[in-house]
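Same order as they appear, the protein sequences are chains F and G.
Using our numbering, the letters of the first sequence correspond one by one to residues 1 to 115.
Using our numbering, the letters of the second sequence correspond one by one to residues 1 to 224.
In case anyone wonders, no lab produced these hints; they're calculated from the structure.
A quick note: this is a predicted structure, and the numbers were derived from the prediction, not measured.
Just so you know, not all the hints are guaranteed correct.
[As the list claims (entries may be wrong)] Straight-line alpha carbon distances no greater than 30 Å define the calculated DSS-like cross-link-like pairs of lysine-lysine that follow:
1) G/Lys137 x G/Lys222
2) G/Lys31 x F/Lys65
3) F/Lys72 x F/Lys58
4) G/Lys31 x G/Lys207
5) G/Lys207 x G/Lys222
6) F/Lys65 x F/Lys54
7) G/Lys3 x G/Lys222
8) F/Lys54 x F/Lys72
9) G/Lys207 x G/Lys218
10) G/Lys137 x G/Lys31
11) G/Lys67 x G/Lys3
12) F/Lys54 x G/Lys218
13) G/Lys31 x F/Lys58
14) F/Lys62 x F/Lys72
15) G/Lys204 x F/Lys98
16) G/Lys6 x G/Lys206
17) G/Lys204 x F/Lys62
18) G/Lys207 x G/Lys6
19) F/Lys98 x G/Lys206
20) F/Lys98 x G/Lys31
21) F/Lys98 x G/Lys218
22) G/Lys31 x G/Lys218
23) G/Lys6 x G/Lys31
24) F/Lys72 x G/Lys31
25) G/Lys218 x G/Lys204
26) G/Lys67 x G/Lys204
27) F/Lys62 x G/Lys67
28) G/Lys206 x G/Lys137
29) G/Lys3 x F/Lys98
30) F/Lys58 x G/Lys218
31) G/Lys31 x G/Lys206
32) G/Lys6 x G/Lys222
33) G/Lys137 x G/Lys67
34) F/Lys54 x G/Lys31
35) G/Lys137 x G/Lys204
36) G/Lys3 x G/Lys204
37) G/Lys137 x G/Lys207
38) G/Lys222 x G/Lys206
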Amino acid sequence: MMKIVTIVCGLIVLTLFFFAARVPVSLTSDEVSRGVSDAISEENISVDEDIVEKAVLKSVEKLEKRQSTRLKYLASAYIVVWLVFMLYVIRVAMQQRKLDQRLSQLEQDTEESVE
Amino acid sequence: MGKSVKILAVITFVLLFCSIYLIFSYAQIEKTMLEVQKIFYFHVSSALTLFVAFGINFVFSITYLIKRRSNADLLAASAAEIGLVFCTITLLSGPIWASTAWGTWWNWEPRLTTTLILWLMYVGYFILRSALDGENKKTFSAVFGIIAFLDAPIVYYAVDIWQEGLHPDRGTKWDLETTMQHTWMLTLLAFVLLCVLLIIVQYKQKKSEERYDIIRQKHLGKLL
């Protein structure tokens with residue numbers, strides 16, 4: 001039973017990483033410049049495209065950095081939670097193993113004393 | 001393990017998988033704290049589950065003192081152990097969330113302090129159990145369990161009692177989006193079931209250990 005629980009806990013951790021890894025994809029500079037030119041042409045504004053592109057790229061970079069920090073905190077919180085559970089399950093499994101060993105020793109002692 | 005325990009284990013793990021899926025794929029990202037708010041689902045759920053576990057310890061401690069049944073003592077000890085696990089999770093996940101939400105890892109505000117006291121009291125409960133033996137161990141730990149649980153309502157009403165702190169008080173409207181509410185409800189249910197499952201597993205193990213000790217005593221008695 002404890003082996004199954006440990007395996008399931010491991011699977012939960014893997015699932016966690018699978019879903020946690022699905023973070024929004026970072027924007028490439030090509031995508032940013034395309035977006036900026038599209039917006040400028042759609043709105044028909046007369047601005048320096050290069051300056052706007054640089055500003056947008058810088059802000060995207062900042063936002064991504066902040067998001068990466070937030071995701072690090074989120075991941076560490078979930079790792080801590082599942083680590084505590086895993087350690088507890090391992091402890092219970094070890095106790096069970098010790099008990100099994102003691103039981104088989106007692107069985108052996110009983111058989112010897114009968115003989 | 002009985003069939004009902006196996007069914008409970010399957011339901012619990014399915015719910016845990018579902019809750020993880022909902023947290024990362026279904027629940028909306030909160031507007032102020034953004035992704036970090038997702039810690040809420042496990043943090044608050046484990047905080048509420050610890051009350052369930054310590055509540056079970058409280059009930060079975062009283063039962064033991066009234067009926068003097070060994071099973072009640074074993075159930076109380078198992079519940080306290082699982083409660084301590086959930087309390088540890090709450091105390092560890094909280095500061096990680098707090099460091100981004102409040103800008104500090106730890107603050108000696110009422111709810112945090114009383115939760116730490118609760119954790120320390122149950123650590124004390126196990127120190128007491130390991131120091132004593134026989135009837136004394138069961139009686140004193142039952143009394144200590146009842147006293148320790150008195151801190152639980154203080155933790156729950158801490159913000160209302162002291163009227164200060166960083167945690168929201170009970171009157172604060174949470175305004176959770178529907179997707180967030182569904183996710184939280186499912187996570188809470190999964191945690192409560194996990195708590196019950198772990199208590200049963202721990203109880204059965206303690207019961208086996210007790211039986212082993214009785215058989216061993218009898219065996220030694222026969223040899224002497």
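Task: Numbers of unmet hints, in rising order - done: 4, 7, 10, 12, 17, 20, 22, 23, 27, 30, 31 and 32
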